[in-house]
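Colleague: Here the protein sequences come in this chain order: A and B.
Taking this note's numbering, the leading residue of the first sequence gets 1, the next gets one more, and so forth.
Taking this note's numbering, the leading residue of the second sequence gets 301, the next gets one more, and so forth.
For the record, the hints were derived by calculation from the structure and aren't laboratory data.
Note that this is a predicted model, so its numbers are computed, not measured.
Cβ atoms here follow ideal geometry from the backbone N, Cα and C, with glycine treated the same way.
Any given hint might turn out to be false.
Claimed, not checked - Straight-line Cα separation of at most 20 Å, SDA-like style, residue types lysine to any residue; simulated pairs:
#, chain 1, residue 1, chain 2, residue 2
1, B, K518, B, A469
2, A, K189, B, Q423
3, B, K471, A, D191
4, B, K471, A, I213
5, B, K471, A, L190
6, A, K218, A, E136
Claimed, not checked - Here are some of the chain B residues that sit facing chain A, going by a computed Cβ distance under 10 Å:
#, residue
7, F350
8, F422
9, L444
10, R487
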Amino acid sequence: MKRDSHRWKWILVSPALLVLILAASGPLLIVAVYSFLSPGNMGGVAWDFSTDAWFRVFFKRDIFEPENVTLNADHLAVFQRTIWLSLQTTVICAALGFPTAWFIATRPANRRMIWLFLITVPFWTNLLIRTFAIQEMIRNTGTLNTALLWLGVIGEPIEMMYTDFAVLLGMSYVFLPLMVLPLYAAMDKLDFRLVEAGYDLYASRFQVLRHVILPLVKPGFIAGSILVFIPSIGAYVTPRVLGGGRSMMMGNLIGLQFGQGRNWPLGSALAMVLLVIVVVALVFYLRITTRETGGRDGQS
Amino acid sequence: MRRPIPAERTKSLERQGRRRSTDGKGDRSLPDGDGQSGNEIEIEAVGKVFGQGDTAFHALSGIDLTIRTGEFFTLLGPSGCGKTTLLRVIAGFEHPTSGRLRIKGQDVVGQAPNQRLVNTVFQNYALFPHMTVAQNIGFGLKMLGRPRAEIAATTDEMMHLVKMEAMAARKPSELSGGQQQRVALARALAPRPRVLLLDEPLSALDLKLRKEMQTELKRLQVETGITFVFVTHDQEEALTMSDRLAVMNQGRILQLGSPHEIYHAPTERFVADFIGETNFLTLNVIAVQGRGADLALPGGRTIAARVAEGLTPAVGTTVSAVIRPEQARIVPQGTGELSATVEGAVFFGTDTHIHLRLSDGQPFTVRRQNNDDLADPAKGETVGLSLTPGALQVLRG
Chain A
1 MKRDSHRWKW ILVSPALLVL ILAASGPLLI VAVYSFLSPG NMGGVAWDFS TDAWFRVFFK
61 RDIFEPENVT LNADHLAVFQ RTIWLSLQTT VICAALGFPT AWFIATRPAN RRMIWLFLIT
121 VPFWTNLLIR TFAIQEMIRN TGTLNTALLW LGVIGEPIEM MYTDFAVLLG MSYVFLPLMV
181 LPLYAAMDKL DFRLVEAGYD LYASRFQVLR HVILPLVKPG FIAGSILVFI PSIGAYVTPR
241 VLGGGRSMMM GNLIGLQFGQ GRNWPLGSAL AMVLLVIVVV ALVFYLRITT RETGGRDGQS
Chain B
301 MRRPIPAERT KSLERQGRRR STDGKGDRSL PDGDGQSGNE IEIEAVGKVF GQGDTAFHAL
361 SGIDLTIRTG EFFTLLGPSG CGKTTLLRVI AGFEHPTSGR LRIKGQDVVG QAPNQRLVNT
421 VFQNYALFPH MTVAQNIGFG LKMLGRPRAE IAATTDEMMH LVKMEAMAAR KPSELSGGQQ
481 QRVALARALA PRPRVLLLDE PLSALDLKLR KEMQTELKRL QVETGITFVF VTHDQEEALT
541 MSDRLAVMNQ GRILQLGSPH EIYHAPTERF VADFIGETNF LTLNVIAVQG RGADLALPGG
601 RTIAARVAEG LTPAVGTTVS AVIRPEQARI VPQGTGELSA TVEGAVFFGT DTHIHLRLSD
661 GQPFTVRRQN NDDLADPAKG ETVGLSLTPG ALQVLRG
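Full structure from sequences and hints, please.
Modeller: Given below as structure tokens:
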């Protein structure tokens with residue numbers, strides 16, 4: 001009887017497991033294997049073991065003097081920009097998402113669903129189209145510059161396209177709902193009597209925010225930050241359309257190796273580096289955020 | 301990390317008579333000011349309306365109330381009567397639509413809760429779940445920017461006061477309901493407020509624990525000398541703990557007085573009905589003299605009754621009068637003021653309720669203490685009733 005129900009559970013879970021194996025673990029394994037092979041002539045891989053791809057992720061040889069090895073500054077700059085832009089995106093989304101989520105959570109219960117619904121409206125349109133729309137707004141002859149020129153605020157167009165700013169703007173816009181929704185979920189559970197208790201015990205508005213509200217919605221910040229940071233690290237469309245070749249991120253660099261570069265092993269090795277960055281960042285982040293709340297003793 | 305209190309805030313707190321303890325220990329004597337005889341809270345014609353137009357709800361109307369320094373004052377009434385709204389107005393969470401509110405002579409309408417020297421014990425305690433017991437208790441003092449040593453000393457003292465020393469490092473989720481209750485009390489008492497507001501603090505506890513906490517609360521109030529304003533819908537709780545109480549219904553105060561006055565001399569039908577068990581009698585007025593009246597009882601006898609304040613019944617009219625079930629005794633047939641037929645008896649352990657019908661058909665209940673092993677009167681038997689002299693009270697309306 002008990003064994004039967006156990007078997008049933010395996011049958012029920014098997015479709016999901018199958019998808020996981022085919023769509024996640026399998027491709028990951030293939031990428032890991034490819035990173036240790038040699039590039040094929042017309043793309044693809046040649047089945048010769050090589051660590052050249054991994055070497056080229058971090059170092060480069062001089063074309064004329066192959067024994068002259070230097071750090072691959074171009075790659076490292078892309079890694080650095082990717083991490084830095086993703087961190088900034090996360091912080092911007094948190095800063096904009098907190099008041100937004102607070103606004104929604106403090107509406108009457110029957111109106112909250114309308115506001116939440118509005119938050120999800122951007123998801124209805126394809127990401128690429130939304131990104132091109134941002135381009136239309138900020139390019140030199142775009143809406144924003146034209147308006148500012150016409151108003152006489154500026155003498156010549158502000159160059160915004162193909163800068164880190166453009167990428168940051170695009171990513172913050174795209175990922176903001178991913179911060180708002182978990183923050184709202186945390187605030188929805190917040191007992192507002194605790195806020196009253198804080199005021200009652202002589203806390204100012206700022207002190208209530210700092211000592212009562214922020215610690216209690218912290219799980220929402222943690223979930224939101226993870227949801228924003230991970231896709232930011234792997235962003236492809238936004239930096240491609242708004243950043244171009246000048247403000248490239250890791251997603252674009254990897255894409256390049258599988259396309260024009262025709263170096264699949266290098267692309268695979270870069271993809272593995274991306275994965276490692278995400279995992280390390282996650283572990284590091286969870287360490288700090290849980291250490292603060294984990295302890296029971298000691299007065300702050 | 302300590303932050304200086306903004307100058308104006310310190311000033312406003314000191315203006316209200318906050319004592320700043322110098323030795324870091326403080327003392328538990330009465331708050332400063334005009335001593336125990338003064339008025340702590342003065343409420344004048346306070347009204348509170350929620351909503352507007354047709355949907356407007358009058359939560360409070362024309363509340364006049366003076367709460368004295370150092371007393372245990374109770375607001376008693378059924379749910380929705382406005383007692384919690386009145387408490388929230390005193391705390392500063394709600395602003396009155398009309399009227400004036402003074403705490404220690406200072407007008408506080410418009411002041412935020414964190415500017416008032418009033419602390420609240422919330423109905424479901426509202427303890428900060430991310431803080432330990434000690435951090436919860438020290439929160440108010442920390443927000444006031446007190447020195448770390450003073451916070452630690454007061455926190456220890458408060459934990460001792462509510463017997464929670466052993467739990468200092470626990471989180472609220474690791475405490476029982478009664479323990480959370482004690483922490484909530486200690487947290488509200490730690491900043492030494494002038495007034496402690498308690499919003500049905502015992503309603504979530506089981507009966508035995510509630511009895512314990514009633515004694516405990518009364519002890520804390522006497523020990524600290526702080527004015528307690530206690531909100532409850534439990535009439536027994538109100539009678540046993542209060543120095544004075546106000547009975548509220550539909551946003552108004554119906555009667556204000558000592559538990560004794562409220563119980564023995566209710567002025568309104570609602571008050572008499574809400575508190576304890578009561579016999580209502582409809583009787584004719586025969587004569588009126590001063591603060592009393594002579595009423596005609598069924599069966600022809602006459603009885604002297606007290607008349608509620610502000611009421612002058614006219615001779616020949618019918619009035620409503622009350623008498624408590626324990627203020628009547630069953631006597632042999634033919635003696636006593638009344639004659640009644642026994643309809644049944646219910647045994648309650650310490651006493652027995654005997655349900656009767658008077659000769660004119662009005663129901664009447666007698667409570668008899670089971671001191672001796674008395675036999676219950678048989679159903680259908682006719683008995684006499686003797687009423688305690690002066691116990692009958694004529695009601696308004």
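Colleague: Enumerate the violated hints, using their earlier numbering and listing them in ascending order.
Modeller: Result: hints 1, 6 and 7 break, sorted rising.
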